[in-house]
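Protein chains: 2
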Amino acid sequence: MGEFELIRRYFTRPSPGAVVGVGDDCAILQTASGMQLAISTDMLVAGRHFFPDVDPYSLGHKALAVNLSDLAACGARPLAFTLALALPSADAAWLEPFSAGLWALADAHSCELIGGDTTRGPLNLCITVFGEVPGEATGRTRTYALLRSGAQAGDDVYVSGTLGEAALGLQHQLGKLKLDAPAAAACRARLERPTPRVALGLALRGIASACADVSDGLLGDLGHILERSSVGAQLDDAALLACCPWVRSGIDAQLLRDCVLNGGDDYELVFTAAPAHAAAVAAAAQASSTAVQRIGRIDALSGLRVLDGAGQVLATSSGSFDHFSQDGNSDRSNPI
Amino acid sequence: MGEFELIRRYFTRPSPGAVVGVGDDCAILQTASGMQLAISTDMLVAGRHFFPDVDPYSLGHKALAVNLSDLAACGARPLAFTLALALPSADAAWLEPFSAGLWALADAHSCELIGGDTTRGPLNLCITVFGEVPGEATGRTRTYALLRSGAQAGDDVYVSGTLGEAALGLQHQLGKLKLDAPAAAACRARLERPTPRVALGLALRGIASACADVSDGLLGDLGHILERSSVGAQLDDAALLACCPWVRSGIDAQLLRDCVLNGGDDYELVFTAAPAHAAAVAAAAQASSTAVQRIGRIDALSGLRVLDGAGQVLATSSGSFDHFSQDGNSDRSNPI
Numbered sequence: 000m001g002e003f004e005l006i007r008r009y010f011t012r013p014s015p016g017a018v019v020g021v022g023d024d025c026a027i028l029q030t031a032s033g034m035q036l037a038i039s040t041d042m043l044v045a046g047r048h049f050f051p052d053v054d055p056y057s058l059g060h061k062a063l064a065v066n067l068s069d070l071a072a073c074g075a076r077p078l079a080f081t082l083a084l085a086l087p088s089a090d091a092a093w094l095e096p097f098s099a100g101l102w103a104l105a106d107a108h109s110c111e112l113i114g115g116d117t118t119r120g121p122l123n124l125c126i127t128v129f130g131e132v133p134g135e136a137t138g139r140t141r142t143y144a145l146l147r148s149g150a151q152a153g154d155d156v157y158v159s160g161t162l163g164e165a166a167l168g169l170q171h172q173l174g175k176l177k178l179d180a181p182a183a184a185a186c187r188a189r190l191e192r193p194t195p196r197v198a199l200g201l202a203l204r205g206i207a208s209a210c211a212d213v214s215d216g217l218l219g220d221l222g223h224i225l226e227r228s229s230v231g232a233q234l235d236d237a238a239l240l241a242c243c244p245w246v247r248s249g250i251d252a253q254l255l256r257d258c259v260l261n262g263g264d265d266y267e268l269v270f271t272a273a274p275a276h277a278a279a280v281a282a283a284a285q286a287s288s289t290a291v292q293r294i295g296r297i298d299a300l301s302g303l304r305v306l307d308g309a310g311q312v313l314a315t316s317s318g319s320f321d322h323f324s325q326d327g328n329s330d331r332s333n334p335i
Numbered sequence: 000m001g002e003f004e005l006i007r008r009y010f011t012r013p014s015p016g017a018v019v020g021v022g023d024d025c026a027i028l029q030t031a032s033g034m035q036l037a038i039s040t041d042m043l044v045a046g047r048h049f050f051p052d053v054d055p056y057s058l059g060h061k062a063l064a065v066n067l068s069d070l071a072a073c074g075a076r077p078l079a080f081t082l083a084l085a086l087p088s089a090d091a092a093w094l095e096p097f098s099a100g101l102w103a104l105a106d107a108h109s110c111e112l113i114g115g116d117t118t119r120g121p122l123n124l125c126i127t128v129f130g131e132v133p134g135e136a137t138g139r140t141r142t143y144a145l146l147r148s149g150a151q152a153g154d155d156v157y158v159s160g161t162l163g164e165a166a167l168g169l170q171h172q173l174g175k176l177k178l179d180a181p182a183a184a185a186c187r188a189r190l191e192r193p194t195p196r197v198a199l200g201l202a203l204r205g206i207a208s209a210c211a212d213v214s215d216g217l218l219g220d221l222g223h224i225l226e227r228s229s230v231g232a233q234l235d236d237a238a239l240l241a242c243c244p245w246v247r248s249g250i251d252a253q254l255l256r257d258c259v260l261n262g263g264d265d266y267e268l269v270f271t272a273a274p275a276h277a278a279a280v281a282a283a284a285q286a287s288s289t290a291v292q293r294i295g296r297i298d299a300l301s302g303l304r305v306l307d308g309a310g311q312v313l314a315t316s317s318g319s320f321d322h323f324s325q326d327g328n329s330d331r332s333n334p335i
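If you read the sequences in order, they're chains A and F. The numbering of the first sequence is numbering that gives the first Met the number 0, which starts it at 0 and goes up by one. The numbering of the second sequence is numbering that gives the first Met the number 0, which starts it at 0 and goes up by one.
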């Protein structure tokens, strides 16, 4: 199978939302009047972001999911994506399920493949995704995207879904932790097929004051919000642990806490909102069928503190996963 | 040096053309009224698209140049790009010249870095570039981008600049051909620091009927135009050879012809225009300070023929470089 046949067979479909899709030197997109384009790129490397023998269907899902998660964090509606793929060989037994996993998630979000590149090389997947957000029609400076920079002292801090499961799944796969069968299956599913919180991100536009996705670990990703917003936060340890469904399953409490606070790969949203918007947050969660948990509040004191029930500081951190300072086979998205 | 320090030091600059640039989950772009976004992605892999020991400054230049060349082929004005980078290590001695080469070309085209990703892994560069082209303001279906699909029987076929030099440079570096010092230097420069024909592409809007960039070899890339336009072409051998400045330097004629016809990496534009537009093509060439040579004409007979002075067919081809059907250490961009 040659390159053009590979593209034709696995990666060519109509893209009616684009002016020009796959097959020319460039794809052409036109945004609707008053809309702006939200753009994010993530590169996934075999042996670093995923196990080389991972199920290709899951990998196709995950490669797009981590990018859609960035759109969700901005409150952007998915439109389209490009895929650049380096492959050791053109292997139909791998490409068939990989593309099926990719298309299934793309279709679920009406996100069209509009271009890309294929080459031979060590397995590497790079997706650039495009979404739309409302903007000020009269200028380039105003956006209604959710950004990291809007958190204010007094705002509540929330996370969606569950925390720590992907990290627990990774520890289990690495043999560093033994989960029982139901926990292992659930955590592995979270690690391999994360759910981008696109509907919640859209529902939070105009409600959340700042938002990021949890790709590198909660403390690190919330740390980006604090840094960009020039504020601090205090989080409630009990509320955080309650975000992990396996809190009562006998896992060592400190390990569990570490997975919740520093585990990557959750692809949940961490966001802030004024207390006056608490009911609107609850309505957004319900409208998007996504659980949302309040975990603390923004304060003016810089830095991030996790407090136990007695008000004692349990953990402080601003360190996010860093591809060049740490080791680890894990999947984190690190936007430049 | 950690990942965030690496990004801060080498890949963070103001991007006043973007609503939101580097530093959030997504970049936000707003296109001007009546404009559409042209998008292209190219992935460059060490050992496949470039020698692993290539001068990093040149590599920074080339990684962006091959993407700008796709914008040129569409007649799009460069706006912005994202960079995803897998690196074996965070090596300042490599990152410093790499980023300098990248920024120099980006600045020359006012093309802003608005986002990206960095990770550890086998050296891999993936750039997605954004340009703007005029479109029909009232709908999504009309674009004034140069496409591959508009060539008509009777149109003239042109190429910009020179052909075959990058391929000669590669043959020389591989030790398969011995060029004299001036030719070796010129050909190596073409291989390592190609010039995207952005100004010519812009000047050809409304004049060229179809356009593509020569990344995989002239016959292959013109072949894409013929296929998408449902036409054929006949090319003039003497005019083609005259596109290579080393035609009189004693290189074997058949090798030279092969480099001109099938060599990749030239990043020139191959385009078609109605004979009535010949003066306008010449004016576009002059306005963009880019040489343009007529090499043949489009006809209704499908396929591509190269004819000598006596009208004999010398070569026919539709085969483009294919990463999965051939071997070779060469740099070709293969848009999905």
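Please keep in mind that the hints were generated in silico from the structure rather than gathered at the bench. The model shown is predicted, which means the values in this text are computed figures rather than measured ones. Virtual Cβ for every residue (Gly too), placed ideally from N, Cα, C. Please note that a few of the clues may not be correct.
Claimed, not checked - Computed footprint of chain A on chain F, listed as stretches where at least three residues anywhere in the stretch have a Cβ under 8 Å from a Cβ of chain A:
#1 110-124
#2 163-176
As the list claims (entries may be wrong) - Pair by pair, the computed Cβ-Cβ distance ranges are:
#3 F:A107 with A:L313: 35 to 41 Å
#4 A:Q311 with F:A107: 53 to 59 Å
#5 A:G16 with F:A275: 53 to 59 Å
#6 F:A99 with A:E135: 53 to 59 Å
#7 A:E95 with F:V53: 45 to 51 Å
Hint check for A275 of chain F and G16 of chain A - Cβ pair distance inside 53 to 59 Å: violated (36 Å)
Supplied distance hint 53 to 59 Å, evaluated on CB atoms of A99 of chain F and E135 of chain A: At roughly 36 Å between Cβ atoms, E135 of chain A and A99 of chain F fall outside 53 to 59 Å, so the hint is violated.
Within 8 Å of chain A (C-beta), three or more residues of the region 163-176 of chain F: It is violated: at least three residues are needed, and the region 163-176 of chain F offers just 0 whose Cβ sits closer than 8 Å to chain A.
Supplied distance hint 35 to 41 Å, evaluated on CB atoms of A107 of chain F and L313 of chain A: Given range 35 to 41 Å: violated, Cβ gap about 52 Å.
Status of the given 53 to 59 Å range, CB of A107 of chain F versus CB of Q311 of chain A: holds (57 Å)
Beta-carbon spacing of E95 of chain A to V53 of chain F - inside the hinted bounds 45 to 51 Å or not: violated (35 Å)
Within 8 Å of chain A (C-beta), three or more residues of the region 110-124 of chain F: holds (count 11)
In summary, the numbered hints that this structure violates are 2, 3, 5, 6 and 7.
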